Amino acid sequence: MSIEILVYILGGLTVGSALMVVLSKHPIRSVMYLILTFFLISANYIMLNAQFVAIVNMMVYAGAIMVLFLFVLMLLNLSKENEPKSSLLVKIASALAGGSLLLVLVAAIKDTVVLQVAEKVTDNASGLVQNLGHLLFTKYVLPFEVSSILFIAAIVGAVLLAKRESQIIE
Amino acid sequence: MEALIIIFITGLISMFIAMTKKPFLVLITAMIGLLTAISSLVYQVNFPYEWLNYDGLKFDVFSNMYGIVALVFGLLIILVGYETFKKEPEHTGEYISLLLFSLCGVLCMLAFTDLFMFFLGLEILSIPIYVMAGSRKKDLKSSEASMKYFFTGAFATGILLFGIAWLYGAVGTFKIDEIAAAIQNPTTHSSLLYVGVMLILASFLFKVGAAPFHFWSPDVYGGSPNIVTAFMAAVVKLAAFGAFLKLFTVAFGGIHDFWAPALVILAILTMFVGNLSAIRQTKFKRLIAYSSITHVGYALMTIISSNMNNAFNLWTYLLAYGFSIIALIVVSKIVDDEDDELASYKGFARKNPFAGFVLILALLSLAGVPPLAGFFGKYLVFSSAFADYPWLVIIALVNSGIAIYYYLRMISSSMSKDDNEELEAYKINPVYTVVLAICALGILAGGVVAML
Amino acid sequence: MELLIIPLVFALIACFLPKQSLKYVSIAGAVTSLVVALVHTLAYCGSSHYVSIFDPNHVTTFGLTFKMGYDGMSLFMVILTNTIIPLIVLSNFKSEIASNKKFVSMLFLMQFALIGVFTSMDGMMFYIFWEITLIPVFLIALWFGAEERKKILTKFFIYTFVGSLAMLLSLIALKSTASSFSHADLVAVQLTSQTAFWIMGGFFLAFAIKTPIFPFHTWQPDTYTVSPMVGTMLLSALMLKMALYGMVRWMIPLAPEAMESMVPIVVILSLIGIVYTAILAIKQADIKRIFAFASISHVGLIAAGIMVFTKDSVSASFLQMFNHSLVAVGLFLCAGILEQRLKTRNLYELGGIAKLAPKFGFWFAVIGFASVSVPFSSGFIGEFLLLKELYQYEWIIGVLAGTTLVFGAVYTLRAYQLSMFGAPKHESFIDLTWNEWIVFFVIGMLVLAIGLFPQVIFDFVGPSIDKLMESVELSKNIVE
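Chains as they are written, first to last, in the working numbering: chain P, 1 to 170; chain C, 1001 to 1452; chain V, 2001 to 2480.
These are computed hints drawn from the structure, not numbers from a lab.
Just so it is clear, the structure is predicted and the values come from calculations on it, not from any experiment.
Don't take every hint at face value.
What the hints assert, rightly or not - Now the in silico label distances, taken between C-beta atoms and shown as ranges:
hint : chain 1 : residue 1 : chain 2 : residue 2 : range
1    : C       : Ile-1005  : P       : Phe-137   : 13 to 21 Å
2    : V       : Cys-2045  : C       : Val-1045  : 39 to 47 Å
3    : P       : Gln-130   : C       : Tyr-1054  : 41 to 49 Å
4    : P       : Thr-138   : C       : Pro-1186  : 29 to 37 Å
Just so you know, even glycine gets a beta-carbon here, dropped at the ideal spot from N, CA and C.
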């Protein structure tokens, strides 16, 4: 019973803080709310028995990526006047579109019977590093190796885009 | 599987060879690697063997045929692009290796049996192209194209993952044959499944650029460097459609009646939007973008219909389409107009007879005039859809008629002998001539090949 | 097979030959094709069986067989094509485009595609060759035509192409229940009369645009005036005949169940076309437009005759097709001579040419009379038979169509009078050159010969028409 209340509270807080990321006026505040969201998502992961993913989430997202975000924000020096204003029509159209999607998704979830797969996972240790690693190198070795192509492509791409040209751009 | 490994290793080696500062060596490496991969795929089609085989990828006839075409297109595009890449010798290796990595993603996307590999393939395909679209750093439009492509692509990926999550919630597995088996069982038909399939469908339509998810397409095609436009139009479409077909006919075939009507309406919308917007275009690459939106509309008809030969029909159609696009892009590189206006193609065919001939062939093939490959592709697609949805075929034929207008306008403007006689013949690189000849051969012979 | 290969070979080698020899090569090619066709004709004379010229007995995955062959009707059309092409080449001999390699290769490509249309026994091959014929005509008109040609030619191409798409739709619809595309298999498909109506409608749209039949004729006068003389001859003498042949070979046998519903529509539309365009022709000032409208008027009669579909009317239609082609070449040559010498086609600026160029005046009169269908010309037999059949179909239609005889005389004689008689408005006029004289002579002789001995043609196409009508009756009776 208490677990369920905890899940609901966590979920509500996560959604709330994600909303605040979008709604808050000051960019640094958005970043702070985003970091809070990542923490809450890690908490969700722990509730789902995925401890490794939770730790990695915090390290990678809240650690590395958010620090980069903050650096870029400081360099960009955003302020309220620089925000692009969209017309009323665009706002209404986007509200309608997003709202209908929300409606469809909520209506879909409301009536479903959740598949009874969740009962199979009984071992509390299944989220730990050792088991995860074991799976990654036996059952899911192909995606694991193929994702290395993705990493190399991303690294090369990032270097290509960000490298300063050798001659002066006139 | 071997082709995938060969291309990946080629990509790595070409990056390192680029350190020698000789772009030609990089090109040679890429060519050798691609030719080896193509021959391994061809060998595998004719003499099927299983040497390296893993759980998530299965290189059957379907993926091999589509893969051969994608690799051939990649080869032609890298050949054509070499002229531009050569001008920045320190970046040549990066450009070529990014294209090669993207081709790895194509092979993953075509051969998947597991939604993991499909997702990975999609990302490996798209991320290098996001980068390449912005590779002309001095051009503002190029950065804009890259940003727009990246944002919509990332959004599409997000929706895809959302859909996969819902799908997993409904059927409990990622493998497509197990999904198909689970869908046979009507108890899994909950709204979780339907919403998941719809979200995956939406993400696909984003990726191929069907209406109403097509708004990124003209800006991205128009702003990217020409080579990247060719790659996007020919290879990315091929991969996306191949994966689309595989996923939807194998995995979701059981609930065909659920998603097919939506696709029918979207196909009609796509055809009309593409055609009607293309009529008013004055820029060449944007015209290519809108005409490729229309072609996406036609190709969607193969996914809608439940014909046995759909894979072959789609293959022929995309083969014809790809060759025409590559020929058009080569012509645009010959003309090399900064502002990309259609008017700079006026009189092209008079001064450059061979290139003009191939240009006219490519435009006629896109329009669907026999006996070129484009006609056979269109015919196969239309006749496969006729049994289920005759009205759709009628609308598609009407759209073919509308499309003739702007293709014809381009053909007659390229042959006009207006007063500006100072038009001198362009000095065409022999590489371009070779690629144009290959494309012409493909357009002329593709129809014959399809007939046999 | 050599019927097809020879024009194709000439089309290809014309791209590589030097300019001076091109004229003679084109004559050689045209005459060679004619000789080959004559050989086939003489070998075939009188029989009614089907001769297959190419049948690799291989059906592709989507039903395309490669059957090509001819029977009496097809061979007749092939002879027609191979006779007209040398006449076209000769009449164009002295102009500057005759040595243009693009023109020569397009001309032979057109001949190749036309023979392909007439000898295909497979629906998809028919469609492919049909589409291929569009390209040479469009390109010749685009390269060598008059100033304001681009918009008009674009309209022509789109209009015709959309019609062909309708035909493609009908073919796809038929193929979905047939086992292959070959003529025999498509004929064997049994249809309800509702489906048959739409299928025949698809074919009819394509053929009606090409012929043209009212109300799909609006592209024709402009396109004829804007094309060069050769282009107009190709359009009116040859491309049009494809549509009429298509009606006999493809439209009617494939969907005979729709005949009762379609025949009145087609006949009435043709009739309106005949009368309306004849009236329009009377008021024109541009001589090429007069002949363009005259062409629509005459062809409307042929189309109506084909749809009535009795033995006499179909034979007369074939005869009249031959006549119309010859006369069209002659008339457009006259217009071309006037345009080339005097740089104008306006009737009101012409006058008194007959005094300056008596030979031209004589032959223009001969061709004019042939077009009006005076007795002893081939047109007489053809028109009379067609009018008789129309009269028997429905007497009022026959009577109204008969007014074409009167109107035809009016506009032809008006054109002749305004240009040939009266006070001369020009100082000099070069009389006929040798090539033009030969063309007129041949046309005149052929018109006279057929006029005196029409039975030759009737015997030639007659047995095949019998066979066709039998098979149509048979397949009509099978369905409910």
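Structure-based check of all given hints:
At roughly 18 Å, the beta carbons of Ile-1005 (chain C) and Phe-137 (chain P) sit within the given window of 13 to 21 Å. Separated by about 53 Å at the C-beta atoms, Cys-2045 (chain V) and Val-1045 (chain C) break the suggested range of 39 to 47 Å. Checked against the hint of 41 to 49 Å, the C-beta distance between Gln-130 (chain P) and Tyr-1054 (chain C) comes to roughly 23 Å, which is inconsistent with it. At about 34 Å, the CB distance of Thr-138 (chain P) to Pro-1186 (chain C) agrees with the hint of 29 to 37 Å.
Consistency note: the structure conflicts with the earlier hints numbered 2 and 3.
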